[in-house]
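Student: So you can see what is in the structure, the chains are spelled out below.
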Amino acid sequence: MKHDIRKLVPLAATLCTLALVSFAARPALAGKAITVKGSDTMVILGQRWAEKFMNLNAGQVIMVTGGGSGTGIAALINGTTDICQSSRAMKQDEKLKLRDRFQTLGVEVPVAKDGLSVYVHASNGVKQLTIDQVKDIYLGTITNWKQVGGKDATIILYGRENSSGTYGFFKEHVLGGRDFSARVQTLPGTAAVVNAVSKDPNGIGYGGAAYAKGVVDMAIRKDAKSAAVLPTAATVHDGSYPLSRELYFYLRKKPEGDTKKFVDWVLSPDGQKLASEVGYFPLQ
Amino acid sequence: MKRSVPALALILAAFCMISFAAPARAEDAADDTSAVTRAELQGLLDGLNEQLQVLQSDTDKLKRFKFSGYLQARTEFSEASNDSVRVSGSPAAFTTPNNTRFYIRRARLKLTYDSSPLSQAVVYFDGGTDRTVRLLEAYVTLLDPWTPNHDHQLTAGQFNVPFGFEIERSSSVRELPERSRAENVLFAGERDRGVKLESQWTTQLKTTLAVLNGGGVNSADFPNTDPTRGKDVTARVRWSQGVWDAAASYYWGRQVTALTGPDVWTDKSRVGFDAQGFWSLPRIGGGSLRGELYAGKDVNADSLRTLVVAPTTANPVRLLRSGANSAHLATDMLGWYVMGVQNVGDRFQAVVRYDVYDPNTDLDHDQFARLSLGLNAFYDGFTRLTVSYDAITTDAAVGAGRFTDPHDNLWTLQLQHKF
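Heads up: the protein sequence lines correspond to chains A and B, in order. All residue numbers for the first sequence refer to this note's numbering, where the first residue is 171 and numbers rise by one. All residue numbers for the second sequence refer to this note's numbering, where the first residue is 87 and numbers rise by one.
Check each hint, because a few of them may be wrong.
Stated by the list, open to error - If you only want the chain A side, here are some residues facing chain B, beta carbon under 10 Å, derived:
#1 PHE272
#2 GLU342
#3 HIS343
Since the hints were made in silico from the structure, they are not lab data. Because the structure is a prediction, the values reported are computed rather than measured. Each residue gets a CB set at the ideal place from its N, CA and C atoms; glycine is no exception.
All chains should be modelled from the sequences, with the hints used to inform the complete structure.
Tutor: Okay, here's the thing in structure tokens:
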């Protein structure tokens, strides 16, 4: 029987290449490290959870990085992170991209609650705003503090980059999907926004309540007839603070092994207590 | 990342100056010069802050440009050693015996410009198979200003024909190297020129309506004009219910067959159905089962051969044969595929597909069937290797009433990088 050795070429090439890919993949697969990436709002919270969990589980490595919710979701879709931290819900087109690659719609795990604070400088005389006023300020319709009962000074707007979940949440829930004023100075993290506002007597910014150090939280009124509400554990919990939101972990599939242990711990009373200590609000 | 570099450099520079200045200020605390130094530093910081804001503004503008794309370097091993091997998908053909070949199947670069939240422009090029750079897509999209998520979008230009499922699905995410045979024949090149309106009515319901020239980018007479001089219309309704979704598509149009003298216009109506279900297996990963069907009218090669006199050098005219009925140029066709995909962990993916295309359901021995097996290995988040084997079944006439299946099975090895 005659054999054409050339017929074996595709099979040999396939096997060699697969072996190479498998070999290259092995170190990453063998490692125990859990990667967590995403929301800048949640990065401190994620780091604190990871530190505590690693202390409780010797040998376990959890690496937490920020970059924004959008960046974290992109990493989840690319397969370059195990857990995505997000301060907004995944969009439909992001779910479809995840489905394209992994054939799953992802698993959403709410891990804490947050009040989206509107910050101003400590010297600012304006202590409360309606959502419509905040909206008009960030749309650029209101440009001077005297238009909302403050001093005669131009309002300086600070905000987040569009890869940020906080940006997305604010745009959807405060601006009604409309675009921010071109005068908004975009900064790379909530800490940067707080820092800028803390040094600018005419500044206004927004971000997670946990970051509000050196600035003053604005009390928010749902409308002109509603009472002004500050973001506190009680008002975020009972929903009376109008800008509260859930913070999420997103995973490609139901967590297993070490990842499940970590997620379970984050949702445990200890994990939730730590969220409170950092400045967020527990789910229950 | 690039954006933060100048900002970081400026901040570091300011920090260094402050660090150096601080001890000097402490030593001369009683001097007036310390106040001067502080004022100077404040001035410097203000200056840096202004520069930073200019840089920020510039980088914000640059961020509106988004480049993306992918490259597919491919090796194919054809079972036949003396065939006239066609490159998968696109039209280029090898005319000499050639059973092993390296080539670039797709080399694509897409530029998206988000000029404002309500409009977007896309230009998309391919420099793959035919070794020339060609325009694949170019369109402008307007997003509605009255819904928070811009649920209604109007697009004008050159874009994928909104019909079925696989046409609009990027080759960079598809589990097998090529689309089904039916799609390749019926919507060659996948793209056309026109306008389309996409509306996301609820999270489940999406509709698409488009008016197109009708020729498609791969038709010979595509370049500048509408080949049929009449517009084609396509509509699709998709319902997505989490772990499954399904869609029905309809295409209404006319197909022109160019002849010496009056051209022949025939019906090009097509319907399509597609459905997909998804699951997740513990410890293994996500999987899906997908099916799609195409049915309707198309002018096929057999009917052209049978009914039209081909031009020759001596007689360069293209006419209907005597007694031929021009309406018979368009035949009833049927194409479908069923496909299963199973992820194995995060790095591997197994695929199986069976696809069938029958260009004339009234004729025997003209059917194309293919069983495709594939394996994707993801090297990292951007690069993957695809290995696939296509077992193709066709009937080639070898004598009166005798047919055989040619040896034309195909191994494909493809390395893709997406950015």
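Student: Taking the hints in turn, state whether each one holds.
Tutor: Hints and how they fare:
1. PHE272: holds, 5 Å
2. GLU342: holds, 5 Å
3. HIS343: holds, 9 Å
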